[in-house]
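All chains should be modelled from the sequences, with the hints used to inform the complete structure.
Protein chains in written order, with the numbering used here: chain A, 28 to 349; chain B, 30 to 402; chain C, 175 to 686.
In case anyone wonders, no lab produced these hints; they're calculated from the structure.
Treat each hint with caution, since some may be false.
Unchecked claim - For lysine-lysine, the following DSBU-like pairs were computed, each having C-alpha atoms within a straight-line distance of at most 30 Å: (1) A/Lys277 to A/Lys347; (2) B/Lys77 to A/Lys141; (3) A/Lys347 to C/Lys190; (4) A/Lys339 to A/Lys277; (5) A/Lys347 to C/Lys581; (6) A/Lys347 to A/Lys228; (7) C/Lys378 to C/Lys303.
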Amino acid sequence: MDETLVGTLIASTLRVSTPLILCALAGTMSERAGVIDLGLEGKMLLTAFAAAAVGATTGSLWMALAAAIALGVALSMLHGYACVSHRGDQVVMGMAITMTAVGLTVVLGIAWFKQGGQTPPLADAVRLDPWWVGLGTALTALPFIGKTLALGFTGHNAMVYLAFVLVGAVWWLLYRTRFGLRLRATGENPAMVDAAGVSVKRLRYQALAINGVLAALAGAYLVIGLNPGFIPNMTAGRGYMALAAMIFGKWHPVGALWACLLFGFLDAASIRLQGVVLPGLGEVPVQAIQALPYVMTVVLLAGFIGQSRAPKALGVPYVKER
Amino acid sequence: MSQPIELPRWIDLVALPAFNLALALLVSGFVVWAIGLDPVQVLALLVKGAFGSRAGVSYTLYYATTFVFTGLAVAVAFHGGLFNIGGEGQAMMGGLGAGLVALAFGSWPAAILLPLMVLAAMLFGTAWAAVPAALQAYRGSHIVITTIMFNFIASALVAYLLVDVLKEPGNMAPETRAFGPNAQLPGFHTMLGWFGIEWPRTPLNLSVLLAAAAATAVWLMLWRTRGGYALRATGFAPEAARYGGIAPQRQVMMAMAISGALAGLVGINEIAGVHNRLLPDFVAGAGFTGIAVSLIGRSHPLGIVLASLLFGALYQGGAELSFEIPAFSRDMVTTLQGLIVLFAGAMAMVAAPLFARLYGAWSRRVRAEAARG
Amino acid sequence: MSSAPAAVAMRRIDKKFGAVHANRAVDLTVAAGTVHGIVGENGAGKSTLMSILYGFYQADSGEIAIEGRPARIRNSSDAIARGIGMVHQHFMLVDTLSALDNVMLGAEPGWRLQAARAQVREKLDALMKDTGLQVRLDLNVEDLPVGERQRLEILKALYRGARILILDEPTAVLTPQETEQLFLTLRALRDRGTTILLITHKLKEIMALCDAVTVMRAGAVVLDCATADTSIDGLAQAMVGRKVNLGRDAHRAQPGAVLLRAQGLRWRDALGVARLDGVSISLRAGEIVGIAGVSGNGQSELLDALSGMLAPQEGTLDIAGRHFDPACWLTPAQARALRLAHVPEDRHTRGLVLPFGAWESAVLGYQSLPRYGGGAVMNQATMRADTADMMERYDVRPRNPGLRSSKFSGGNQQKLVLAREAVHEPQVLLVGQPTRGVDIGAIEFIHERLRAMRDAGGAVLVVSSELDEVLALADRVIVMNAGRIAGELPIDSCSEQALGRLMGGADHVAAH
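See the structure below:
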């Protein structure tokens, strides 16, 4: 077994999965409260651009992050205004945000930086450093799995590790706090929550705020962790893949984590699998592997491999009865 | 997607969309100004680029043709109570269908080959829409999610076919060989040439008439046939439709089948009308433009035709503009498109009650004055 | 006689909803630690009164005193603060959460769930021991049977400190065994000092469980006494009142051949509650059959089964020589083909498509008739002409086939639906709530039309929660209770008492 291969595969998976995980967590927060969020792709794109633009002009990592988070929350609040305060269609709103984001990021990018939509490359100070490199070197000494462990798990930037921590945090928030209990109930039976004297509107806005922060982290990661700068359309459908992962994970943060890792692994492996001949199937086209997450999600939605039950009140605007 | 607020027809069909369009234009104008350009100048150049020359008008109509197809697709699904976001993928498959037929039977006479290609485009589009439709109707899978997934799957499928199976040998780019003259729809300039009229060479082709025919056919279907009646009843009031002997699952299938077929026709405009070969990304976001077109056009074929012309003009004007003003790019049009979906779609529920209140107050005053006078 | 203040004292409560006078200067006094029943038909005003007590509505005038102290109850939080709890007919529970979480939600002692759960569990264990209520706290609500869910609702109210408990038609969803169980629970609660208000129309339950009873009719209190001082007959008479009007048209029905026969219809809903529990009914030519009874006792489901909107799990249907069983039940389209027409109870969600023009609604269900064109294209001209004709014959105003269906008044909408169903000359006509929300002028018109149908040899089935209407129209009256036919009486034998007893579930009268 080639330790380097396995190690680099793990490393790629983790790096590629990080934005998926953060987005899937964002989607989970929103949808468990009953609000469909199809705007994840757009939020990720816009916040990535904001982080890159602010990072390039100020040279400060923290300013870039702050800008991204502020924008992410603002977009989610807009979503809430149209869909929670007024009975706007949640699907259409999500599409509107994404469609606007695709155009606006390039328009502003060209106007401000004149590099065909890209932002100038971010200085190292704005980018994240790899962590635990020392630990990695130490691990390499271990027999058999040392190299794999070192390559796979150490040397990533802070966001990668943060994503995993956040999975735990979101899980704890949803299942171990009062807020989480009320939020989950809101997505299933908002009338009951209302009758119990809790404000459905406020809960949904709070969920959307957290959704905005998480989506912003995903977007910021793209430019401070993965690519050194913004490229037009750099999200390339990841927002939708994160949604698929969330559904595949049955709207549970840990389930979503596994789904994201799976989809991330497929993405990381697709390049390496090119040209590989599988017994009986012949050469596997890279596009088949690229399509696999989406195919799997459809199969799951169709109920062929177990049931994926959405929160019962998902997508239905809540109107007070009396 | 029903209307819970009761507004008089003229507000619902004209005033409200005009208002939302104005809002979207206003915000876009603001963005234009924010990036240091003069909105008025931009607008003037845009109009000139879109309508100021015969070539410009032709390009505008050519773009509009594609948008009519995708707009009608979204509209038909809307009338059945469904949101079809899969237009992008269905259009791609339509092009694939037309392309496969052209590659297989490219030597047949055009009079047979071209209609066959149209049929294939529609069938492939229908098939691609039918699977999410069946999953919704019979397994309860949310059609919005499945159609989005199918967009990606279509993209991957077509990419695979273009790179590995259908690629023209010796060509660096992932595209098929040229289909040949029999698979080419006559261009507008060619058609006018038959009558001795000179016209600049543009991608505008016979499909524009096909689009007009499709819009008319959809209008007839929705408001003059039983099928359309059943579709609209299901979209407005599924329980009443069931009471009226209409099977809701069948209506879901019908709506999506027609919707997919319409989206598939994009393939005719692009593949048979312009490129004469199958190449990647010929849809280029038209499926999403169709959503904007249908929202502004209030899901009515006439509104869709007008909205398509608007967007066609924006695309063409935008292309011309980007030559004149380097800072301007087509992405401004994409932004405007998103803003239209925002105001006409998502925020529609914000404006509508305001209109209802204003209208209510105004009509009460009119009636009071009539009573006094 | 205890000198403790009354648990609930409502004085001269008055409430109007537009033209409807829901509560007319109602007085209600409930002694502490008793079970007090509130009885009445649909529209008697009992639900409104309790909603005012629970803070859903505000009375137009009158006062409320809780436990001797005057109370302003502006919303349900005020009611809960006063110690009033309500168990609704439709449970307010989240299926995917545990029973414990459902009780706790909104009143959690602290933001950390594990600690909160432990605290709540302790309190609930004590409460359950004290009252004898048993609920499995750790199961998800979706795994609990209906009776246990109801106990959970009661537990929820008690957890929030309810000393006065309002139960709205609690036995509607329970089996007889579960009902017994509930009674035991309620008696135990009463014995421990809780005051219980029971809204119901089931007279046997009142006599079995309640200490005192208030009967309401048409918004006013007509009887208020201890149950020891009255009887089922007394309650029945009070509930129904002097409705049998003499001077009804002296038509003697001559029923002809059986046009429709349904046998043994059984249907359970998603929660497992038997909505139709072995219903058999025959409709003969030349008669109007009226189904009376408080709504919610299976009348709607019966109409749905007979018209093809709902396929029962057991039972058969014979009509026009065709036989149907659950494997392949009647569909609405087939029903019309077999000349069975249906005026649905809810004209807004079923009878009409509100955004459609009147002419489009006027062909709903009949759009495929040959007269409207053979191919795909509909013959709009004929449809509009037919609609104009319908409007003329049934006096639908304004006489504009192009006007949007939603723009017509309730009465005109109903007349349009009736016209549509009647104009194709059906043999059997099913009508649900024919004059709900209809103005006086149209009511008489609609009644005349139904009688004309019967006189022409058709069979008409009228379901109405207005007993007046059933008595005015029907040749024989069937009363439904708890998904079964409680009894059937020819119109001559209908007395207030007899009907009241049947509607209140007190009797079972075998059909002739």
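Here's how the hints hold up against the structure:
1. A/Lys277 to A/Lys347: OK: lysine 277 of chain A and lysine 347 of chain A at ~28 Å, within 30 Å.
2. B/Lys77 to A/Lys141: holds (25 Å)
3. A/Lys347 to C/Lys190: Since the Cα atoms of lysine 347 of chain A and lysine 190 of chain C sit roughly 21 Å apart, the hinted pair holds (cutoff 30 Å).
4. A/Lys339 to A/Lys277: Judged against 30 Å, a Cα distance of about 13 Å means the pair holds.
5. A/Lys347 to C/Lys581: Between lysine 347 of chain A and lysine 581 of chain C the Cα gap is close to 25 Å, so the pair holds against 30 Å.
6. A/Lys347 to A/Lys228: With a Cα-Cα distance of about 10 Å, the restraint between lysine 347 of chain A and lysine 228 of chain A holds, given a limit of 30 Å.
7. C/Lys378 to C/Lys303: holds (29 Å)
Hint compliance for this structure: no hint is broken.
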